[in-house]
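Chemist: Here are the chains, one letter per residue:
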Amino acid sequence: MGCTVHTTTHALSHTERAHAQRATLYGPSLHLNHQQTSSTIFAPPRNMAAAGRRCLSDLPDELLQRILFLVPGKDAASTSVLSRRWRSLWLASGAVHLDSRRFVNKQQPERNRKKRARRDDDPPRNNTNNMLLHRVDEALFAATAPITRLTLVVADDGDDDLELHVEAADVEDSYRSRKGRRRLSFGAMSSSVLRVLRITGSASPSPVLPRGTFPRLGELHLNRCTVPLPDLQSTIGAAPKLSTLHMESCCLKQQEQEEGVPVWRLRRLVCPAVSDLVFADCKFQWDHEQIGLELDAPGYFRHQT
Amino acid sequence: MEVDKGKGEAEETRKVAEADRDTVTLKSSDGKLFEVSKEAAARLSTVLAGMIAGGSIDDNGTDLKQIGSEALENVVDYCNKHANSIPSAALISSSISFNTAPFKEPEEWERKFVDRLSHDALFDLVEAANFLGMERLLDVTCHKISEMMKGKSPDQIREVFNIKNDYTKEELEEIRQELAWAFYDD
Numbered sequence: 001m002g003c004t005v006h007t008t009t010h011a012l013s014h015t016e017r018a019h020a021q022r023a024t025l026y027g028p029s030l031h032l033n034h035q036q037t038s039s040t041i042f043a044p045p046r047n048m049a050a051a052g053r054r055c056l057s058d059l060p061d062e063l064l065q066r067i068l069f070l071v072p073g074k075d076a077a078s079t080s081v082l083s084r085r086w087r088s089l090w091l092a093s094g095a096v097h098l099d100s101r102r103f104v105n106k107q108q109p110e111r112n113r114k115k116r117a118r119r120d121d122d123p124p125r126n127n128t129n130n131m132l133l134h135r136v137d138e139a140l141f142a143a144t145a146p147i148t149r150l151t152l153v154v155a156d157d158g159d160d161d162l163e164l165h166v167e168a169a170d171v172e173d174s175y176r177s178r179k180g181r182r183r184l185s186f187g188a189m190s191s192s193v194l195r196v197l198r199i200t201g202s203a204s205p206s207p208v209l210p211r212g213t214f215p216r217l218g219e220l221h222l223n224r225c226t227v228p229l230p231d232l233q234s235t236i237g238a239a240p241k242l243s244t245l246h247m248e249s250c251c252l253k254q255q256e257q258e259e260g261v262p263v264w265r266l267r268r269l270v271c272p273a274v275s276d277l278v279f280a281d282c283k284f285q286w287d288h289e290q291i292g293l294e295l296d297a298p299g300y301f302r303h304q305t
Numbered sequence: 001m002e003v004d005k006g007k008g009e010a011e012e013t014r015k016v017a018e019a020d021r022d023t024v025t026l027k028s029s030d031g032k033l034f035e036v037s038k039e040a041a042a043r044l045s046t047v048l049a050g051m052i053a054g055g056s057i058d059d060n061g062t063d064l065k066q067i068g069s070e071a072l073e074n075v076v077d078y079c080n081k082h083a084n085s086i087p088s089a090a091l092i093s094s095s096i097s098f099n100t101a102p103f104k105e106p107e108e109w110e111r112k113f114v115d116r117l118s119h120d121a122l123f124d125l126v127e128a129a130n131f132l133g134m135e136r137l138l139d140v141t142c143h144k145i146s147e148m149m150k151g152k153s154p155d156q157i158r159e160v161f162n163i164k165n166d167y168t169k170e171e172l173e174e175i176r177q178e179l180a181w182a183f184y185d186d
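Heads up: the sequence lines are chains A and B, in that order.
Going by full-length UniProt numbering, 99 is the number at position 99 of the first sequence; the sequence numbering is gapless.
Going by full-length UniProt numbering, 156 is the number at position 156 of the second sequence; the sequence numbering is gapless.
These are computed hints drawn from the structure, not numbers from a lab.
In this text the structure is predicted, and so the values were computed from the model without any measurement.
Treat the hints with care, since some could be wrong.
[To be verified] Once the Cα atoms are required to be at most 30 angstroms apart in a straight line, the calculated DSSO-like pairs of lysine-lysine come out as: (1) Lys112(B) / Lys32(B); (2) Lys150(B) / Lys253(A); (3) Lys38(B) / Lys112(B); (4) Lys81(B) / Lys152(B); (5) Lys164(B) / Lys241(A); (6) Lys241(A) / Lys253(A); (7) Lys104(B) / Lys283(A); (8) Lys164(B) / Lys150(B); (9) Lys104(B) / Lys81(B).
[Stated by the list, open to error] Chain A regions said to be covered by chain B (calculated; three or more residues, Cβ under 8 angstroms): (10) 58-69; (11) 73-80.
No residue lacks a Cβ here, since even glycine has one placed at the ideal position from N, Cα and C.
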């Protein structure tokens, strides 16, 4: 028997769209050629095993973007100077990760400040968190692919009463269409594209959870945040596909006792779609006696305390 | 006539045996054969799943001319050893874009699995995983590479990953100004 592989329609159906897409984007480096109907369809353009020292640039753009998707914003952006090919790869990676700790006490060098006309909406330079928001703003504005992952780490060094908000209904579109770009805020966030949200805050002030609806939000990671339970509940309620909820070093606050509402109801967290749940090093700040939190998460399989 | 009949029966038996086998034999570009659990292969790789379902698996070694023996060994190792703890590839890649599935951090054993690889082996494995439609393995390998890029200056990244700078000095300066925010603490 020859060592040949005959593709079937079935085999193709899984990958043909992906590969067809790849074909249009990266024609020459396409591995799988479906036009070829002879017996060995997996004939490679080159033999990977025979190549000498491999380098990152051997990978197709698609994979490099996938890698950049996981690289923090500043590092990702700075890859544009690597070589011509890398110039705009990071812009299409679909992710923005920024960490305000990277901006602490870093001033723009004089040469850049002179050459770049100062805009009205430039943040005050002494305000780290404003700076962070401004970077997010710039990164979102520059992005060429829909942002599906937004990661913000908020420094706890300042006195800034920071609220994280994203105003956009669609992060990318609203930033593109808006004339005078406004400062990024999470206030009325209603992101239809957002799938992962990580907020790393400080105990005080704590970032305020975004409000709005998140039809596709799959993961919510909160680190060092103080969150009123009702706020958390409303965020979870607005994210029907939220399957991962990770809270580390968070403090859950009780809501004001309302008349006629039983106490147990005030300490209940309902997360219907969550299957991966982590509460690590979390505190509960209840007014009265120490009562735990009642969790209603039919799908969860992991729970730490 | 007798002989032909016997042959036919043998063929029949072979076919049945093939259908019943719980492993798949894969053949690397350099002709080495690897056995992988059929169930794991189908679960972790959309391409292998399609081939198994479509009956295009060759009992004597399904030819994967794209993949060298070292990469294929890693792929098979990943499938055979760790198949149980991984969600279905079909589930993860029900849509073509990686952007649509939330990225999950690699597990401890997955980190170890990629940590031991050389650069060459890692890049080969990324391509093999991409070629075979193994979403989870792609996540894990891409995550490893992204970790290697974090916190490094462009010069360091060029050195580590053997990237040739083909910009002119003027072009570089232009980009640095454009992206001042990414560089001003350099």
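Chemist: Evaluate each hint against the coordinates.
Modeler: Going down the list of hints, with the structure as the test:
1. Lys112(B) / Lys32(B): holds, 25 angstroms
2. Lys150(B) / Lys253(A): Answer violated: Lys150(B) to Lys253(A) is near 35 angstroms, above 30 angstroms.
3. Lys38(B) / Lys112(B): holds, 24 angstroms
4. Lys81(B) / Lys152(B): violated, 33 angstroms
5. Lys164(B) / Lys241(A): Given pair Lys164(B), Lys241(A) is violated - Cα atoms ~43 angstroms apart, limit 30 angstroms.
6. Lys241(A) / Lys253(A): Within the cut-off at roughly 24 angstroms; holds.
7. Lys104(B) / Lys283(A): Given pair Lys104(B), Lys283(A) holds - Cα atoms ~25 angstroms apart, limit 30 angstroms.
8. Lys164(B) / Lys150(B): holds, 19 angstroms
9. Lys104(B) / Lys81(B): holds, 20 angstroms
10. 58-69: holds (count 9)
11. 73-80: Result for this restraint: holds, n = 7.
When the structure is compared with the earlier hints, violations turn up for hints 2, 4 and 5 and for no others.
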